[in-house]
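Trainee: Residue numbers (the numbering used here), protein chains in the order written: chain A, 1 to 112; chain B, 1 to 112; chain C, 1 to 156; chain D, 1 to 156.
Watch out, some of these pointers could steer you wrong.
[To be verified] With the C-beta cut set under 7 angstroms, the calculated list includes, among others, these residues of chain D facing chain B:
1. E66
2. E114
3. W117
4. S124
Derived from the structure by calculation, the hints contain no laboratory data. Given the structure is predicted, the values throughout are model-derived calculations rather than measurements. Glycine included, every Cβ here is placed at the ideal spot set by N, Cα and C.
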Amino acid sequence: MSFQTITKDGVAVVTVTNSRLDASIAPELKQVVSDVIEAGSTRIMIDLDSVQFMDSSGLGAVISSFKLTGKKGDFVICNMNESVREIFTLTHMDRLFEIYTSSDEGFARLCA
Amino acid sequence: MSFQTITKDGVAVVTVTNSRLDASIAPELKQVVSDVIEAGSTRIMIDLDSVQFMDSSGLGAVISSFKLTGKKGDFVICNMNESVREIFTLTHMDRLFEIYTSSDEGFARLCA
Amino acid sequence: MESGKINLTIESDLSQVQHVGEAVRVLSSQLELDGAMPSSVELAVVEAVNNSIEHAYASECGNTVEVSFEYDKDCLQISISDYGTPMPRKIVEMLDQSEVRMPSGHVGVDSLPESGWGVQLLKSVCHRVSYARCNRKNNLSLSFKRAAEKHPITAA
Amino acid sequence: MESGKINLTIESDLSQVQHVGEAVRVLSSQLELDGAMPSSVELAVVEAVNNSIEHAYASECGNTVEVSFEYDKDCLQISISDYGTPMPRKIVEMLDQSEVRMPSGHVGVDSLPESGWGVQLLKSVCHRVSYARCNRKNNLSLSFKRAAEKHPITAA
Ligand SMILES: Nc1ncnc2c1ncn2[C@@H]1O[C@H](COP(=O)(O)OP(=O)(O)O)[C@@H](O)[C@H]1O
Ligand SMILES: Nc1ncnc2c1ncn2[C@@H]1O[C@H](COP(=O)(O)OP(=O)(O)O)[C@@H](O)[C@H]1O
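Bound-form chain A, shown alone:
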């Protein structure tokens, strides 16, 4: 099990439980988010707290999840470690996503 989903107050929190979000599991993330949206969620947070390493496939899956969700304010990411943040910085995706340093902040934002 590489992902865990909890829905609370209408917000779906998708936690990546694997330490690597790489090409071998990135397609699963897309699927998990797509299932969550199918089930009715419109506000989504991706929690990367356990992720030590992410490659461009992981980034692609996050971008795809964002596109599926549709609106910027309804999609947030939290708990990026330094090396994960680097891939967002290198690709300038840090300017595009709403990124929070804790899940509480991210969750509060989605409930606002």
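Since the structure of chain A is already known, use the hints to place chains B, C and D with the ligands on it.
Mentor: Using the frame of chain A, we list chains B, C and D with the ligands on its own:
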């Protein structure tokens, strides 16, 4: 430079500055200790604070240094990390050597 | 250490790439590099190995990807090799261009690409990237500069 | 992960052994092992690789030592291979004996051996050690048991 020697109050402190005391540098340790003894030192402390990994050649070089020094009370080892201590435990050499957890204690013992 | 070399080999299976990544990260953490973190070296190598598996071998298992990790006092060179389909010429040309192209932050969300980031990321973390094919072997070579050694100050 | 495999290759040069050691330590730190620390796995592999270089190749550079790191859900198996002089029969027999012989602490200092600890150390940290020679290739195989997976408690 994998070793550093300082002589103080008649005690020679041989510090292994490399993070690995393995087959590629173990013969050097024997040589360093032999030089120190040739130069007149009779009390020797081996400081392993920087050593993260030791193999059986490193152990062999420590045993050889001990034999060169001659007397138990005049040869001590200090600052072993956990994996270095394991090789002494596995070979029962922890029972034979005087091992101190700090260089101050080891030094004090040699000056006593 | 002045110089060293180790070769790593895995099968063309995406679930095995992490082993190369972890080994490369710990090996490069022993060398002080100029402008690259061990995690960036890992990222570059993982991107290259993923590409060998997904593109050169079209995700077919049972093939081999070789990674050679080699350094001297100035430079770390990591070569990723496969025996599959060569890189298309337009990608090789892009490797040779010095600039890195990332979509700008102003691009609309819907037009953001979900793939095609790998080669750009590679280029942005390595000092130099080069590609060659020889005797059916494709070889992508990534170089990183080592930080100049700090010499101990010697009293005059 | 259920299973995985990576091969590591170095030249027969003692200064290169640390690269295998570091890679093996980080790779085994990803697997929870039963009764062995990553540092013990590193120790066993380094002893075996040193022996290939010093004994099988008589410390002659330019030869190759291969290390294969392979695991399934029960077991980690690391094989160290060389193409040099085979192990003497009495050492192979000692490998097959289950007991580990270390000199007792009561032995006189002067009679303490300065070498010959490697094979005993190997045996004391591995679950099983086996040796085979086939087509001029010598292969020393070290196994470690993986810790049983902790299954999440499911409510009845
Ligand atoms: N090793 C390779 N062999 C063949 N083609 C490759 C290789 N690496 C990259 N390519 C080609 O270059 C394109 C861009 O690669 P990349 O930037 O990594 O993005 P992605 O892999 O997500 O498509 C790939 O889609 C593929 O067509
Ligand atoms: N890979 C090998 N090939 C040939 N001979 C070996 C090999 N490994 C060990 N030996 C023999 O077994 C002996 C014991 O090895 P070991 O316990 O590692 O001690 P050391 O290497 O310090 O002598 C060696 O001295 C050597 O004669």
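Trainee: Now tell me, hint by hint, if it's right for this structure.
Mentor: Here's how the hints hold up against the structure:
1. At its closest, the beta carbon of D/E66 sits 18 angstroms from a beta carbon of chain B; the interface hint therefore is violated under the 7 angstroms criterion.
2. With its C-beta approaching chain B no nearer than about 4 angstroms, D/E114 sits inside the 7 angstroms limit, and its interface hint holds.
3. Satisfaction of the interface hint for D/W117 is found here, the shortest Cβ-Cβ separation to chain B being roughly 4 angstroms, below the 7 angstroms cut-off.
4. Restraint check, D/S124 versus chain B: the minimum CB separation of about 5 angstroms is within 7 angstroms; hint holds.
Violated hint for the displayed structure: number 1, the only one.
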